[in-house]
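Asker: With the sequences and hints as input, model every part of the structure.
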Amino acid sequence: MNKIINIINLKNNGKRFVRQVNSSPWVGQQSLYCSVGRNIKHFDNPKISKNKVITIDNENVKNKICNLKNYIFYKTPNITKLSRIHAKHFSTDSGGTNVEKNSDSANMNQNEIDKKVINKCKQGSLENNGKRRQKTTREIYMDRKQREEIIRMYLFLSLILMPFGYIYMYCIEKDINIKQLMQIIMKKCEHLESQYNEIIQEFIDKYFPVSNEPLLPDFKDLNYPENLPTLVIDLNYVIAKLEYNRKTGWRVLKRPYSDLFFKELSSFYEIVIWSDDNFPVAQEVVSKWGIPAIGCLHRDQCSRKKKYYIKDLNRLGRNLDRVVIIDHDIHAFMLQPENGILIKEFHGDVEDNEMLCLIDLLKSFAISSYDIGQFLRKYGGGDYNIGKRYLQQKSDTEQKSQRIRSLGKIFHVDNKKTHPGMSFNL
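Numbered continuously in UniProt numbering, the sequence shown closes out at residue 426.
Be a bit skeptical, because a hint or two may be false.
Unchecked claim - In silico DMTMM-like cross-links for lysine to aspartate or glutamate, where the CA-CA straight-line distance does not exceed 20 angstroms:
1. 378 with 338
2. 288 with 277
3. 241 with 259
4. 388 with 398
5. 378 with 398
6. 307 with 284
7. 263 with 360
8. 288 with 243
9. 263 with 352
10. 344 with 243
11. 254 with 221
12. 307 with 218
13. 306 with 277
14. 388 with 312
15. 344 with 259
16. 220 with 202
If you are wondering where the hints come from, they were derived from the structure by calculation, not from laboratory data.
Answerer: Below, the structure written as structure tokens:
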């Protein structure tokens, strides 16, 4: 049986294979895969022996199947690795089995058929080169999807690289280094975190409001006089400095004169420790220290705005005219600024005397008839130096009284009250 093998190239076009088709009624199509310089052991057609070999090179096709002496070679350019090609074969002899016994007429018929096949192959290749194959619906969909993926990728990369470009231009404009840039970024992150916490806190306060129940027990339950003033004082950086160590735990460094401060004022005030530390730090310090406080409040009783913890004195359930708060942070009493006294932060200075300066001031307020706002304005407001101003004014008053008494001794005037009609000599 004479067979003709026609190899037609299948070009690789962007992972989609385009096959050049030659329509012929007597051609049966077979597929094979090839690599450059490698051998393909068989076609898919079981009629062809699987032990024979077709060797495919870049531009050369050699056929060694069965006894095929006559074959047509159609040159196939651009055969590359893993290119897919199609082999087409057909029979030139309907019943003969021995090629050597064929007659000259059969050979002539064979040559005519060979020419027809070559012409059809060339004609088909020219038509395919001249006409562009229409894409299927799936190919159109895949092309559009691929373009969309490319556009998304470019948009994603631009969104990522845009901030880096802005940061780079900012560094060039401001002439800053990487360390300064990191500090700026950290500040921005802290600012964003504070804004986020503030929004969350506003949401909680709006939809989950705090209870209106006072934080302190009523005076009647404590058997205190109704006019007793309340002293609210912070713990850390005010009366002590708290230091934490993983091995030893919390370490409390008392502020100088703090023990004297509580000893002198415990009989004049209702003392409340209100710390912005987490529970139960302040409670443990107060109990071990022995501070005469009737209550100890923590961060949970504060409201937060940005990075500050605010202490609302209205929640104590006391008359605000008789409530004074001492804190190192002015934001702590920003809701009632007229009730606050600022004090310098304590960082372990053994020569600190801020607590000593406030003792006489607070005693004077406790026995006065003024409300706290009027009393503090009388001495210039509750800033850092109000205790020293009070002591200076008290010293000036005592010196003035001393001068008056000394003048009275010169003119023989004693400190006894004079009665109407009483006379004395100059």
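Asker: Assess, step by step, whether the Cα of residue 288 is no farther than 20 angstroms from the Cα of residue 277, and give holds or violated.
Answerer: holds, 17 angstroms
Asker: Is residue 307 close enough to residue 218, meaning Cα to Cα at most 20 angstroms?
Answerer: Violated - the C-alpha atoms of residue 218 and residue 307 are around 32 angstroms apart, more than 20 angstroms.
Asker: Holds or violated: residue 378 with residue 398, Cα cutoff 20 angstroms?
Answerer: holds, 18 angstroms
Asker: Against the 20 angstroms threshold, does the CA-CA distance of residue 306 and residue 277 hold or violate the hint?
Answerer: Holds - the C-alpha atoms of residue 277 and residue 306 are around 16 angstroms apart, at most 20 angstroms.
Asker: Checking one constraint from the list: CA of residue 344 to CA of residue 243, max 20 angstroms. Satisfied?
Answerer: Holds. Residue 344 to residue 243 sits at ~18 angstroms (cutoff 20 angstroms).
Asker: With a cut-off of 20 angstroms on the C-alpha distance, tell me whether residue 241 and residue 259 pass.
Answerer: Status holds; Cα separation ~14 angstroms.
Asker: Are the Cα atoms of residue 388 and residue 312 separated by 20 angstroms or less?
Answerer: violated, 27 angstroms
Asker: Would you check the hint for residue 388 and residue 398, treating anything up to 20 angstroms between C-alpha atoms as holding?
Answerer: holds, 15 angstroms
Asker: Would you check the hint for residue 263 and residue 352, treating anything up to 20 angstroms between C-alpha atoms as holding?
Answerer: The given pair, whose Cα atoms are some 18 angstroms apart, holds under the 20 angstroms limit.
Asker: Holds or violated: residue 263 with residue 360, Cα cutoff 20 angstroms?
Answerer: holds, 13 angstroms
Asker: Is residue 378 close enough to residue 338, meaning Cα to Cα at most 20 angstroms?
Answerer: Holds, at about 12 angstroms.
Asker: With a cut-off of 20 angstroms on the C-alpha distance, tell me whether residue 344 and residue 259 pass.
Answerer: holds, 18 angstroms
In the structure shown, a violation is registered for the earlier hints numbered 6, 11, 12, 14 and 16, in ascending order.
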